[in-house]
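Residue numbers (my numbering), protein chains in the order written: chain Y, 1 to 413; chain U, 1001 to 1243; chain D, 2001 to 2364; chain V, 3001 to 3295.
A portion of the hints provided could be inaccurate.
Non-contacting residues of chain D with respect to chain V, defined by C-beta distances greater than 10 Å in every case (computed) [unchecked claim]:
(1) Leu2100
(2) Arg2135
(3) Tyr2141
(4) Ala2297
In silico negatives: residues of chain D with every beta carbon more than 12 Å from chain U [stated by the list, open to error]:
(5) Phe2025
(6) Trp2103
(7) Leu2120
(8) Val2124
(9) Gly2231
(10) Val2322
Here are the simulated DSSO-like cross-link-like pairs (lysine-lysine), alpha carbons at most 30 Å apart as the crow flies [said to hold, decoys possible]:
(11) Lys3242/V <-> Lys380/Y
(12) Lys3055/V <-> Lys380/Y
(13) Lys3134/V <-> Lys233/Y
(14) Lys178/Y <-> Lys3055/V
(15) Lys3055/V <-> Lys311/Y
(16) Lys276/Y <-> Lys3242/V
(17) Lys316/Y <-> Lys3055/V
(18) Lys306/Y <-> Lys3055/V
(19) Lys3242/V <-> Lys1056/U
(20) Lys309/Y <-> Lys3055/V
Please keep in mind that the hints were generated in silico from the structure rather than gathered at the bench. Being a predicted model, the structure only gives us computed values, none of them experimental. Ideal placement from N, C-alpha and C gives every residue a C-beta, glycine not left out.
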Amino acid sequence: MLDIRGRWKGVLLPLAAILALSACGSKTGENESTGGAVADTSGDTVKVGLLNSLSGTMAISEVTVRDSIRLAVEEINAAGGVLGKKIEPISEDGASDWPTFAEKAEKLIREDKVAAVFGCWTSASRKAVKPVFEENKALLFYPVQYEGLEQSPYIFYTGATTNQQIVPGLDYLKSQGKTSVYLVGSDYVFPRTANKIIKAYAAANGMTVLGEDYAPLGSTEFGTIVNKVKASKASAVFNTLNGDSNVAFFKEYKSAGLTAATMPVVSVSIAEEEVKSIGTQYLDGQLTAWNYYQTTPGAANDKFVKAYKAKYGQDKPTSDPMEAAYVSVYLWKAMVEKAGKFDVAAVKSASDGVTFEAPEGLVTIDGATQHIYKTARIGKVGPDGLITEVWNSGQPVKPDPYLKGYPWATGLS
Amino acid sequence: MSGTGLVVRDLRVVFDGFAAVDGVDLEVAPGDIRFLIGPNGAGKTTLVDAVTGLVKATGSARFGDEELLGRPVHRIARMGVGRTFQTATVFEELTVLQNLDIAAGAGRGALTLLRRRRSVPAAVSAALETIGLAALRDLPAGSLAHGQKQWLEIGMLLVQDVKLLLLDEPVAGMSHDERDATGELLRVVSADRTVVVIEHDMDFMRNFANTVTVLHAGKVLSQGTVAQVQADPAVQQVYLGVG
Amino acid sequence: MRSLSWRAGAGFAVGAVLLFGVAPFALSDFRLSLLAKYLCLAMVAVGIGLAWGRGGLLTLGQGVFFGLGGYAMAMHMKLADAGPGEMPDFMQLYGQLDALPWWWRPFANPAFALPATVLLPMLVAFLLGSLVFRRRVRGAYFAILSQALAAAMAILLIGQQGTTGGTNGLTDFQGFFGYDLDDPVNQRMVYFIVAGVLLLLLAIARQLMRSRYGELLVAVRDSEERVRFLGYNPANVKLVAYVTAAGMAGLAGALFVPAVGIINPALIGIVPSIEFVIGVAVGGRASLLGPVLGAVAVAWAKTTLSEEFPAAWTYLQGLLFVLVVAFLPGGLASVVRLLRRRRRPPPDPAPVSPAPVVAQEVTA
Amino acid sequence: MTVIVSQLFTGVSIGAVLLLIALGLSLTFGQMGVINMAHGEFIMAGAYTVYVLQKVITGAGWSLLVALPLAFAVAGAMGVLLEFLLIRRLYARPLDTLLVTWGVSLILQQLARDIFGAPNVQTRAPDALTGNIKITDDLVLSNNRLFILALALLAVVALTLVLRFSSLGRRIRAVVQNRDLAAVSGIPTGRVDRLTFLIGSGLAGVAGVALTLLGPIGPTMGTNVIIDAFLVVVAGGIGHLKGSVIVAFALGTLQSLVEYSTTVSVAKVGVFVAIVAFLQWRPQGLFTLRTRSLA
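The task is simple: from the sequences and hints, build the whole structure.
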């Protein structure tokens, strides 16, 4: 028995040490204000973090976002930097893994002491890093359309919230005389929340929701779902599928004899890059809802598309999330310059009303929600693989992440 | 002579329509050393497989008062039925001592199992002496010579305290001296146990068999003492060849 | 024997000094919390080392047990954050529920939740293990089934957005049993708990490996049928190792939550489950410390390499699987053993005497 | 009624896809006991073959026809290479083969990413295969699924004929049943192993071609299907093609029917539960090869 006791000694002593130490930590709610990490802006450069998945399943999308952030950083540096300091981007790989996102966010803030972080794509990765940014009082710029119902004081949302994408998509369907929809989505938070909103909208606007189906992320077997869609005889489909599933869904859709003419599909996750990988053979004439297309007219966009293609290749399309990421860097620059310093609190309080002439048109920060005013645009996929606008909201739509301005949406959140 | 006898009645084993053992009746008296011989495919090993629960069979195989058929392998083993295999099967990465200790321990409780072995159980040291591997007890069994592995297997049956030993070609690949030693060992252990041996080696059989059963095509061809069996014309024809 | 246990005691002491005395002072808060995460992965590795290295059970579904432990802990922490009678924040947002689901309720009580982090995975492992081992589903069949289990579990969790957080998982925790997790002092405390539990699990694994049961487990791994013919039921032997490994993975998952601050289905599926295994293979599956060091080394390499060359990491990970498993099945532990042997050759193994001792013994 | 018929058709066609991806495995895993986790990447290689070929042959119909044998050759060659470099050293360690081939699959996926880019690529399907046959207004049978069903059945028939009647088939069966005896009888077991791998992996390539008609063509397409394929072979049993055939169609139908009335997630989990339950009843799969060996 002696040896057992000897062995336990090595374990028990440290455990005792833990108990002794644990007496020192603060309880929840005891001392509210720990200082948070302070960005190091003392040098002649200012560091910013780029947090995107460069490996794993999400790399496909997130690398393009990282590329457009880099483009913006280079342009700003070439024009003299921010407050006279050159931006030094530090890129980290989130590896399509949410805990890794949290870990890398912590590293960027604590070790690299960056002034702001740009990135994240999925809602799950944003949810994973949100506490890190709040705890350290650091800034994240999130460039992707998302499901709303969030308003972190340390995140700026430069992609669309639901009333800038989903609701306009529905408005468009309604204006086209579509009275019934079928909802198809991937099984995660964005489609489920979007569909909740769609159902509330439909109930208030005389539309019928004929069915609602979710496929696991990455699922590529859509025989049954398309059968159900077809049998429902809905006048349109609202599609919130993500990634690979879209390819399988549209292939199945076409072979079941369904077309854009008979039963159009409005997609909110298919941008120029995805069109390329699904194939125009299957997408011709289908609809998308975004705030930006490569074909959006305007000098700012011409410049952006030209610069992007010059840097990354003529065959590379630009898309909505890429544009929103590109814009986020410029918005941060404008906020810092308005505040006159990099300090997070100062930047935040300077944010309201900051504008930027973006490729998608004029955008303005709404300081109350930390989202931005964006113009909603419905597009149609053409045979050349480009998406052309068929409708827009006319003027930038005020962000409303909790849909408080929509009477039908009460009770949703 | 003590121990319990094996009584097999109308045993049948069918593989995909082929009757490997086709209605065998067999009685092995307590303390007997019974040799099972027969050409390849006669059903010898399948018979042993059936008795030890490895393959499904119909009929009956009783050891003492207990029916063996239909029970799981480890239950049959706990009833005192042990066997070896054509190719010596020992735990190669464990030492000789560990091999024997495991064989001795099927009845141990959870607490004993979860503790380390403090001393060598008496049965294990006795068996180590009997099979002559005491000096090699801390070597991995995998490093033993072929014959030594066979003895280790027999040693494992001894510490397991089985009453019925079923040995499948125990002297295959052994030198002449080793065979004799193995045979002597069988005599010693049969004193209070029943032993059944499958063997092809006729000299070995003549030297050490008490009784012999000849199987052919899944059926019993002949039974009796070595002399009786050797004199049986049917055996001479199908198996021993004429002469 | 005595000298061996002295060495083990010394080994544990050195480990304890490194983990408790050196690491907290040598590493920044951020690196220390990374180490805490690696040590959680190492706990899973200890269990895999036992089940796979010693028991031959290639379990490709440890993520399931890791996840069960993690979710049990996370559910408790979520409820503690929300306060008595309240629903967790994400449920209010996405759940459309009027009340807490019944299966959430017991987790409000730490006296239920804490044991559940270990016992729940063990129970699931026991049920599954009794089914498959008793029917002699083994080897590749078992590996593939355990992998499918991981896939099924992930899908199940993702599908229940309102009650499990879906792909988001559970995150954004404020406190850990009343202690503010934002406070670096408390984060350090979590690290100490993780390190202490790892040492405890190592002690348990060591006892199991060196006990008679450990020998029996190796015997089952090498020849299950032979063990059966000795009167044991190998299903029970394997079940103990499998359930123990599951408990260890559950505990690891439970500590992962306060250490890293998140648990989600992506930690449960096929890929993370098989990644647990590679660390064990690299370190040496059948050794005690090999899996721990291997798991920490692989996790560290992943963090470091994927920062610089994300593509290179995937190649390296693939190559590790191929080279280590195909050409160095004993892992790094076997290299260490080899070096040690070369440096200090053991006394010549007794010449294997072909002389039949038996003959003299018996005929005498 | 229409619903049931169209769901049954969907089920059968899911079964055909499962069968096609599992058929090669049924040979290499079922007959040789080798667990090749890189099988999914051989499927991927077959799909990329179509993509590359369409750069050369522009007619979608012709390119698909040429792709079938070419994908068989490409994936088959990869299989032979894998067998020669790694697997033949590991026949005694099936579990290690699983891990090694998993590593190979990671490397192949990353290679595909570096060669073809991380995003999915697009291929064109011939117009004849994007249409459908209309039975009634509500009941249509899509041509691509009919094509895959025909392809799967053709592959089963061809494989059965090869195994039953060719000298290669006899050798394969001999090696499966008793490797040592086959070796001493003068059968070059090494070469037979390699040929078996050629056929098994080649069938994965053919499956890859078929999958271009249904789903995405990208670096991770193989991982999406590999587990399902293994479950089919495990439940089908070792050493028999017919087990895999029956199980594939049964699982496909089960999945489509459960999916219709519940959700895809429930159906996936349901399939898993069904397989565990099934293995309780038949631990060695639907059909078993009775042998006397230990282990």
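Quick rundown of the hints versus the structure:
no.	hint	verdict
1	Leu2100	22 Å, holds
2	Arg2135	4 Å, violated
3	Tyr2141	6 Å, violated
4	Ala2297	17 Å, holds
5	Phe2025	37 Å, holds
6	Trp2103	32 Å, holds
7	Leu2120	22 Å, holds
8	Val2124	22 Å, holds
9	Gly2231	3 Å, violated
10	Val2322	25 Å, holds
11	Lys3242/V <-> Lys380/Y	48 Å, violated
12	Lys3055/V <-> Lys380/Y	27 Å, holds
13	Lys3134/V <-> Lys233/Y	16 Å, holds
14	Lys178/Y <-> Lys3055/V	40 Å, violated
15	Lys3055/V <-> Lys311/Y	26 Å, holds
16	Lys276/Y <-> Lys3242/V	40 Å, violated
17	Lys316/Y <-> Lys3055/V	19 Å, holds
18	Lys306/Y <-> Lys3055/V	27 Å, holds
19	Lys3242/V <-> Lys1056/U	24 Å, holds
20	Lys309/Y <-> Lys3055/V	23 Å, holds
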